[in-house]
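Asks: Position chain B relative to chain U; hints supplied.
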Amino acid sequence: MMARTMSDLLDDNLGTLLRRAMQARPEAEASMDVAAAAVEKVRAREAALARVARMRWWGRMLGVAAGLLIVVVLGVGYWVMPTSSSTSDTSSSAGSSSGSSSDSASVSSSSSGGSMDAGTIGLGVLAVALVGVTAAGVMGTGKPLRVGMA
Amino acid sequence: MTPAVDEQVDLTALRQLDLDAFRHFVATYQHLVLGLGQTLGLGPADRDDLAAETFAVAYRMLPTFRGDSKLSTWVYKIAYRTALKVRQRYPRRGGGEMPEVEGPATPAGEDMETRETTEAIWSAVARLDPEQAAAIDMFYRRGLSVEQVAEAMAKPEGTIKTLLFRGRERLKTLLGPLARTSGRYDGKDHERSVG
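Residue numbers (the working numbering), protein chains in the order written: chain U, 1 to 150; chain B, 1 to 195.
Bound-form chain B, shown alone:
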């Protein structure tokens, strides 16, 4: 489960580039950055590179951080820009087979169908346009509001809503085979009840 983000970071010490404060800052927020890389389908080495580069930029910019936004949103903003650069190294994934989801499997106790569905969603999200995937990561995984996502991605709120909508539309296409086989997406029962 996603850990809660601790905003109780000593900003004064951070601005003075205190190393202990910086270590605490990295420990608090690195899961956001690594998670974003994971959602974008980056491999472990690139995720590490993304995290190191993101926090290197943050380290240089910390003395000028004014605290206008939440620290987590600010970190996301740097991570997003850096992730786009890292992701450019990857060949474009337009179609074809879904990428393998590496890393730990879904939590134990879930039935096979749920696990397959969940992993298919992760794979499908990794095949989305990076902007759509990043918006989905922030909105659905981390629970950021549209306003916060807009701030992190430096785009208008309307654009974020469009990105989320188009991302869902694309996911419907990518998850089509799953919907046909599992019946989970067909909505037949629901249609009968509201029809």
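With the rest of the complex left out, here is chain U:
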């Protein structure tokens, strides 16, 4: 009969001794109320999550407000700009020339042509800004909040 190796013998003994030693180990006692500490941790985490969510909401609202402000400024600029340019054109033409009717007509027509271009550009910018603000708001609200541990 082939002799068992020393390693086998050690392994057999070790398994038995390990089981005996591990099961004989006295249980560790907690030095606090574990349930209360766990609930306290959960509440603290929930409060932190609520704070983060509140901050995100206000951040989002600030972004939307800033976007709206840009839209309003652009809108006001659009309505004010053609009038002021037309006024300056008229006053400059009135001051420089003796007032022939053909000159006035050409200034007036070129002024209204410039207003049409600015209007198109202004409307385009307004539309893009509105789409941008709306998209920012929608994407912001759709983003999941991932905070917590494994």
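No lab work stands behind these hints, which were simulated from the structure alone. Don't take each hint at face value.
[As the list claims (entries may be wrong)] One-sided excerpt, in silico: chain U residues whose CB lies under 8 Å from chain B: (1) R19; (2) A24; (3) E27; (4) A28; (5) A30; (6) S31; (7) M32; (8) A38; (9) V42; (10) L68.
[Stated by the list, open to error] Straight-line alpha carbon distances no greater than 27 Å define the calculated DSSO-like cross-link-like pairs of lysine-lysine that follow: (11) B:K77 x B:K161; (12) U:K41 x B:K161; (13) U:K41 x B:K77; (14) B:K172 x B:K155; (15) B:K85 x B:K70; (16) B:K155 x B:K85; (17) U:K41 x B:K70.
[As the list claims (entries may be wrong)] Label pairs and their computed distance ranges (CB to CB): (18) U:G132 x B:K161: 40 to 50 Å; (19) B:Q16 x U:G132: 42 to 52 Å; (20) U:E27 x B:S145: 16 to 26 Å; (21) U:E40 x B:S145: 33 to 43 Å; (22) U:V64 x B:F65: 32 to 42 Å; (23) B:E147 x U:P26: 19 to 29 Å; (24) B:L17 x U:V72: 41 to 51 Å; (25) B:E147 x U:S31: 28 to 38 Å; (26) B:L17 x U:W79: 56 to 66 Å; (27) B:Q16 x U:M61: 34 to 44 Å; (28) B:R15 x U:V72: 43 to 53 Å; (29) B:R89 x U:V73: 45 to 55 Å; (30) U:R45 x B:A45: 13 to 23 Å; (31) U:A136 x B:Q16: 33 to 43 Å.
These numbers were taken from a predicted model, which means no experiment stands behind them. Even for Gly, the Cβ is constructed at its ideal location relative to N, Cα and C.
Replies: Just chain B now, with coordinates in the frame of chain U:
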């Protein structure tokens, strides 16, 4: 001695996060978590922290617990993951002297040699890789099957067998000096009888 694990916990009340049911749940299973921390060589403060964090996670996840596994295995699963994080705070123990085993000594009535051997085993287990130590805690101390250990540690059964084998091999090395002095591990008598 290890107390038996009571699976008679009111799951319905637990899922509704009833505080009394939760207290009973913690009282039933906290020894598993604290024991795991003890096996991994955590100090008392870290064991408390481990238990509080484990049950905090359990509290949040209880409403979604489906009961596919035993509650004790589920608790072990959370405790194991949390314990690895807590253990990361500790410097790696590769060699050197064995750590002191704190806490209550072995039960009275055991002879000095047995007590020394037992305490040396506890210390040596605490110096193992955390995964090996956790597998040894679940398998040898709590008597979980390899399948249950695999579920708790979220690893295949083959990996658990390997962890247990490598853990025992490492323990043989760590307990070498003890084997030479005590004769308990030398197996000479047994070798003569089977040779």
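Asks: Hint by hint, say whether it matches the structure.
Replies: Status of the hints after comparison with the structure:
Using the Cβ-Cβ criterion of 8 Å, the hint placing R19 (chain U) at the interface with chain B is satisfied: the shortest such distance is roughly 5 Å. Below 8 Å, beta-carbon pairs count as interface contacts, and A24 (chain U) has one with chain B at about 6 Å; its hint therefore holds. Interface restraint check for E27 (chain U): the shortest CB-CB distance to chain B comes to about 5 Å, inside 8 Å, so the restraint holds. Below 8 Å, beta-carbon pairs count as interface contacts, and A28 (chain U) has one with chain B at about 4 Å; its hint therefore holds.
The criterion of a C-beta within 8 Å of any C-beta in chain B is met by A30 (chain U), whose closest approach is roughly 6 Å, and the hint holds. The beta carbon of S31 (chain U) is positioned within 8 Å of a beta carbon in chain B (closest approach about 6 Å), and the interface hint is therefore held. Look at M32 (chain U): its Cβ gets to within about 6 Å of chain B, closer than 8 Å, so that hint holds up. Nearest Cβ of chain B to the Cβ of A38 (chain U): about 4 Å, under the 8 Å cut. The hint holds.
Annotation: V42 (chain U) was flagged as interfacial toward chain B, and the flag holds, the nearest CB pair being 5 Å apart, inside 8 Å. At its closest, the beta carbon of L68 (chain U) sits 38 Å from a beta carbon of chain B; the interface hint therefore is violated under the 8 Å criterion. This hinted pair checks out: K77 (chain B) and K161 (chain B) have alpha carbons roughly 17 Å apart, not beyond 27 Å. The straight-line distance between the Cα atoms of K41 (chain U) and K161 (chain B) is roughly 36 Å, outside the 27 Å bound, and the hint therefore fails.
The straight-line distance between the Cα atoms of K41 (chain U) and K77 (chain B) is roughly 19 Å, inside the 27 Å bound, and the hint therefore holds. A C-alpha spacing of about 24 Å is found between K172 (chain B) and K155 (chain B), which places the hinted pair at or below 27 Å, so the restraint holds. For the suggested pair K85 (chain B) and K70 (chain B), the alpha carbons sit about 23 Å apart, so the restraint of at most 27 Å is met. Taken as a hint, the K155 (chain B) and K85 (chain B) pair is honoured in the structure, with Cα atoms around 17 Å apart against an allowance of 27 Å.
Distance check on the hinted pair: K41 (chain U) and K70 (chain B) sit about 25 Å apart at the alpha-carbon level, within 27 Å; holds. Restraint check, G132 (chain U) to K161 (chain B): a C-beta distance of roughly 59 Å breaks the suggested window 40 to 50 Å. For the hinted restraint 42 to 52 Å between Q16 (chain B) and G132 (chain U), the CB-CB distance of approximately 45 Å keeps it satisfied. Between E27 (chain U) and S145 (chain B) the CB atoms are about 22 Å apart, so this pair conforms to the stated range of 16 to 26 Å.
Taken as a hint, the range 33 to 43 Å holds for the pair E40 (chain U) and S145 (chain B), whose Cβ atoms sit roughly 35 Å apart. Judged by the Cβ atoms, the range 32 to 42 Å given for V64 (chain U) and F65 (chain B) holds: they are separated by roughly 40 Å. In this structure, E147 (chain B) and P26 (chain U) meet the distance hint of 19 to 29 Å, their C-beta atoms being roughly 28 Å apart. A hinted range of 41 to 51 Å for the beta carbons of L17 (chain B) and V72 (chain U) is consistent with their spacing of about 48 Å.
Distance hint check: the CB atoms of E147 (chain B) and S31 (chain U) are about 34 Å apart, consistent with the given range 28 to 38 Å. At roughly 58 Å, the beta-carbon separation of L17 (chain B) and W79 (chain U) lies within the given 56 to 66 Å, and the hint holds. A hinted range of 34 to 44 Å holds for the C-beta pair Q16 (chain B) and M61 (chain U), which are about 35 Å apart. A C-beta distance of roughly 51 Å is found between R15 (chain B) and V72 (chain U), which places it inside the suggested range of 43 to 53 Å.
Separation of R89 (chain B) from V73 (chain U) is about 53 Å and conforms to the stated range, judged on CB atoms against 45 to 55 Å. A hinted range of 13 to 23 Å holds for the C-beta pair R45 (chain U) and A45 (chain B), which are about 20 Å apart. Evaluation of the 33 to 43 Å hint for A136 (chain U) and Q16 (chain B) yields a pass: the beta carbon distance comes to about 40 Å.
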